[in-house]
Amino acid sequence: MVIYRFTPARCLVDTCFYTITGIYARNILIACGAEMRLEMLGRKSRKKTGLNIIIVGCGKVGATLTEQLSKESHDITLIDKNPEKIQHLANTYDVMGLAGNGASYNVQMEAGIEDADLLIAVTDSDELNLLCCTVAKRVGDCAAIARVRTPDYSEESAYLRQKLGLAMIINPELAAAHEVARLLYLPTALEVNPFAHGRVELIKFKLPENNILANQTIVNLGKKGVSQNVLFCAVERDGEIIIPTGMFTLAAGDVVSFVSSRRDARNFLSKIGFDIKQVNNTMIIGGGKAAYYLAKQLLPMGIDVKIIESNFERCEELNALLPKAIIINGDGTNEELLKEEGIKNIESFVPLTGIDEENIFLTLYAREVSNAKVITKINRINFKNVISHLDLGSVIYPKYITAEAILAYVRAKTASIGSNVETLYHMFDSRVEALEFLIDRESEVTNIPIMEMNLKKNLLLCCIQRNGKTIIPSGTDMIMPGDTVVIVTTHTGFDNIQDILV
Amino acid sequence: MNNSIIRYILGCVLKIETILLLFPCLVAIIYKEDKGIYYFITACICLVLGILLTLKKPESLVFYLKEGSAATALSWIIMSLFGALPFWLSGEIPSFTDALFETVSGFTTTGASILSDVEALSHCSLFWRSFTHWIGGMGVLVFLLAVIPLSGGSQINLMRAESPGPSVGKLVPKIKTTARLLYIIYFGMTILQIIFMLAGGLELFDTLAITFGTAGTGGFGIKNDSIGGYSPYIQWVVAIFMVLFGVNFNMYYLFLYRKWRKALSIEEVHTYFILIIISVTVIFINIAKTIGSASDALRHAFFQVSTLITSTGFSTTDYDLWPQTSKTVLIVVMFIGACAGSTGGGIKVSRVIILVKSIKKEMASYIHPKCIQKIKMDGKPVEHEIVRATNVYFVAFTIIFFLSVLAVSIDNKDFTTNFTAVLATINNMGPGLAEAGPAQNFGSFSIFSKIVLMFDMLAGRLELFPLLILFHPGIWKELFIKKRKPGQKK
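Chains as they are written, first to last, in the working numbering: chain A, 1 to 502; chain B, 1001 to 1490.
In case anyone wonders, no lab produced these hints; they're calculated from the structure. Misleading hints may appear alongside valid ones.
Stated by the list, open to error - Chain A side only, calculated, beta carbon under 8 Å to chain B, not exhaustive:
| id | residue |
| --- | --- |
| 1 | 75 |
| 2 | 77 |
| 3 | 83 |
| 4 | 91 |
| 5 | 94 |
| 6 | 96 |
| 7 | 98 |
| 8 | 480 |
| 9 | 481 |
Claimed, not checked - Derived DSS-like pairs (lysine-lysine); straight-line CA-CA distance at most 27 Å:
| id | chain 1 | residue 1 | chain 2 | residue 2 |
| --- | --- | --- | --- | --- |
| 10 | A | 71 | A | 384 |
| 11 | B | 1176 | A | 85 |
| 12 | A | 223 | A | 271 |
| 13 | A | 456 | B | 1056 |
| 14 | A | 81 | B | 1259 |
| 15 | A | 324 | A | 344 |
| 16 | B | 1170 | A | 71 |
| 17 | B | 1259 | B | 1176 |
| 18 | B | 1376 | A | 85 |
For glycine and all other residues, C-beta sits at the position ideal for the given N, C-alpha and C.
Using the sequences and the hints given, assemble the complete structure.
See below:
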């Protein structure tokens, strides 16, 4: 398996060895190596106003990054060959644009590479991205992130990353495949995300009608012993995000997110009557890169994989690469073919074609004719709101995953400057923030039980890490100096742990 | 259209004007003038209105080019209306149209006056007149962007509407930092000029008033003979600083960041200096015979060229009496104007360069009809969109120009007067020739003509389109007709 590398701010404090610590950004495993730590320490000191970031390539990922990073008040310079794309983004966001080849020394100089903290190369071409980063590393003293997608390179990405001195190599297709695989492992969940350095998971599920959880308050569930070691951290109802208190009553139709360890999560879900078995077989429509990565992960888990791909040559290629998978040459949108291949009895169905409309139709069709767990891949993020109204079940956005991973890196880099926030990341389309604080000294919040604290509304102490153990806190737990505390909140702009008090 | 953001911006502009109006109050206190009270009253009115307008934060901070343009144009109109109040209330300018003309002329850095005896004004009014130049020079919305956090990212549309030039680029990625840098450069250069002027032994009040007029390339003098009565040293300082304020501010930014070579290779600035040198030489040769001493002739030639190419409008001598060749050269430089991204007016040197290169390209296409050739500036191809916008700008400019001449001709003055009066106002110059010449004033025009000229001044300062779109029915509909919210009953 490929390990993505990425430096959380912890590395500065952690004087420990090369530990593979957990994950923040969706499903990206973070390993921190020694050279990364040096890079972080050698970073020029900067005010908290933001980083100087150069983004090469203004495609979907570039645009998403621009939107998010400009909101977070970084100084952004965009480079793209197409002046119209640049113009459009420069009109919409507070950024500066530059038309030209991002791998050229002159263009990078003009974009101010000498003062830049970070260069992100997300053009269509892997080679160009790597070249951009290589040039940038030689010219300026900045961290570089490249998007590399083809399997040829991505299998060597750890090597490339190290040799080229890159901060991060991202691969949206692979990331998407990871996410799909995790969902197929726990099919009842809408989303499964690693949380707090991977020690716990954040699981999102939709509460069906007539479930025993419906019309119950959270306190009640605790008393009944249903929700042992499970912490409800957010509920999405009618498009609104609520951070629930103990008196909150759940209702059918709510999208509930909870935090717990993997084992506790399975116990909990089985107690409330969900099926927690992993799927046995899956049908993938479209044999692109994402399908390849996904099949490669599912096959070792003992899941039978069937891929339907219309291009004959690609089918042959896939057959060579994935000898155990069943490769079918045919049109995946053909109803007869789908029936013939047994869509009605399939346990999971993953449309991964390059066309969003096809993916959505296939999903709707599959939900109509079978009880399969369906996971839809959507490339375009413009219509996210509309899509969330359709009842598609699990939806994954590869571009969004990529952007999120980069954002998490940037946030970690920024957050470590001038505040006590160790790491910060966003959930529910940035409507909820999760922040990690290191408690370095005694203060108003330490050594008193949580229930006696006067906490702000819409805020939750989500987990406490003490001596390597993760505690899901209840009202009687206390914060101690030396702990790492994760809070979840709809407020923004927290700098200090004391900010949680009213 | 997002009307609430326009309301909010107008409110902010009024709040800024409140602060600005306190400066003449201060002057009134120093000179113990009772006229200062009217400035204080106006400041209070602005404050109350400003607070009322900004009471409710707009739901959405996003605005597009149309909102940006409309907000800019309305801000300038509202600023001028309130800026005119003290003149009118204090009775120093009895007619409101005249007071408004004077203020519009101030804010747009035109410097055309309706007053025949400037020296009769109180110190605070003189200060306010000159101070409006300084505010209008860089633009109040650029100032707004520098101080008020308007998150949302689309603020470039405000800056685009207010900053002169065919294309607006940022100096640094963030608009707020860009706006701040512009004001830092502007402020720094103003201070520098004040030091030079004080070194010439000028009184502080005169120094401030003239410096404000120079920095904004405005041109209101505080003496009836403008700058003519001051020493040659002062005249040289003013002339040089006028030229400097007419240079594209990008150059100063590049200087600030020590990118010398890039700073010195801006094509527009080269052309600008070449134009000045050629015009000064021609006029110097032309007038040397009539003016005895060569140094005087050079000084007058240089001063008049720099004052007119930067659209300032100070004068050291009545150039209306000069030979025809000199007068014509002056009219040509009046049209061309200063560099884009400066405080000066006119068509702008960069637009002229693009237009001339378009003509060259057109000629080349007669020789090689299939030839692909892009217009280049600073060695880089200019986007087609900018070339198109420049051409349309020039056409619109010409049409508005001649329509205005037609409208003003109702007053039955001679052609030179009408032509140069419109020329001097639309290019934000100040004095024209003949009855609108440097030794005359605009007081003799009818109210209708004054309104036309005020429109020209605003159109010239905002580069036509932000003001023109206010007359587009599509904007009225969106501004005045309330949108029904979805689901709301009639």
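Status of each hint after checking the structure:
1. The beta carbon of residue 75 of chain A is positioned within 8 Å of a beta carbon in chain B (closest approach about 4 Å), and the interface hint is therefore held.
2. This hint holds: residue 77 of chain A has a C-beta 5 Å from the nearest C-beta of chain B, less than the 8 Å allowed.
3. Using the Cβ-Cβ criterion of 8 Å, the hint placing residue 83 of chain A at the interface with chain B is satisfied: the shortest such distance is roughly 6 Å.
4. Taking 8 Å as the C-beta cut-off, the interface hint given for residue 91 of chain A holds, the closest approach to chain B being about 6 Å.
5. The interface hint given for residue 94 of chain A is met, as the beta carbon of that residue sits about 4 Å from the closest beta carbon of chain B, less than 8 Å.
6. Checking residue 96 of chain A against chain B: minimum C-beta separation of about 4 Å stays under 8 Å; hint holds.
7. The interface hint given for residue 98 of chain A is violated, since its Cβ lies 10 Å from the closest Cβ of chain B, which is over the 8 Å cut-off.
8. A least Cβ separation of about 38 Å between residue 480 of chain A and chain B goes past the 8 Å threshold, and the interface hint is therefore violated.
9. With its C-beta approaching chain B no nearer than about 36 Å, residue 481 of chain A sits outside the 8 Å limit, and its interface hint is violated.
10. Restraint check for residue 71 of chain A and residue 384 of chain A: the C-alpha separation of about 19 Å stays at or below 27 Å, so the hint holds.
11. Between residue 1176 of chain B and residue 85 of chain A the alpha-carbon distance is near 23 Å, which keeps this suggested pair within the 27 Å criterion.
12. As the CA atoms of residue 223 of chain A and residue 271 of chain A are separated by approximately 14 Å, the hinted pair is consistent with the 27 Å bound.
13. At most 27 Å may separate the alpha-carbon atoms for a hinted pair to count; residue 456 of chain A and residue 1056 of chain B meet this at roughly 26 Å.
14. The straight-line distance between the Cα atoms of residue 81 of chain A and residue 1259 of chain B is roughly 25 Å, inside the 27 Å bound, and the hint therefore holds.
15. In summary, the hint linking residue 324 of chain A to residue 344 of chain A is supported, as the alpha carbons are separated by about 22 Å, within the 27 Å threshold.
16. Proximity of residue 1170 of chain B to residue 71 of chain A is assessed by CA-CA distance (about 18 Å); at most 27 Å being required, the pair is judged to hold.
17. Simply put, residue 1259 of chain B and residue 1176 of chain B have alpha-carbon atoms about 22 Å apart, close enough for the 27 Å limit, and the pair holds.
18. For the given pair, residue 1376 of chain B sits about 21 Å from residue 85 of chain A by alpha-carbon distance, which is consistent with the 27 Å threshold.
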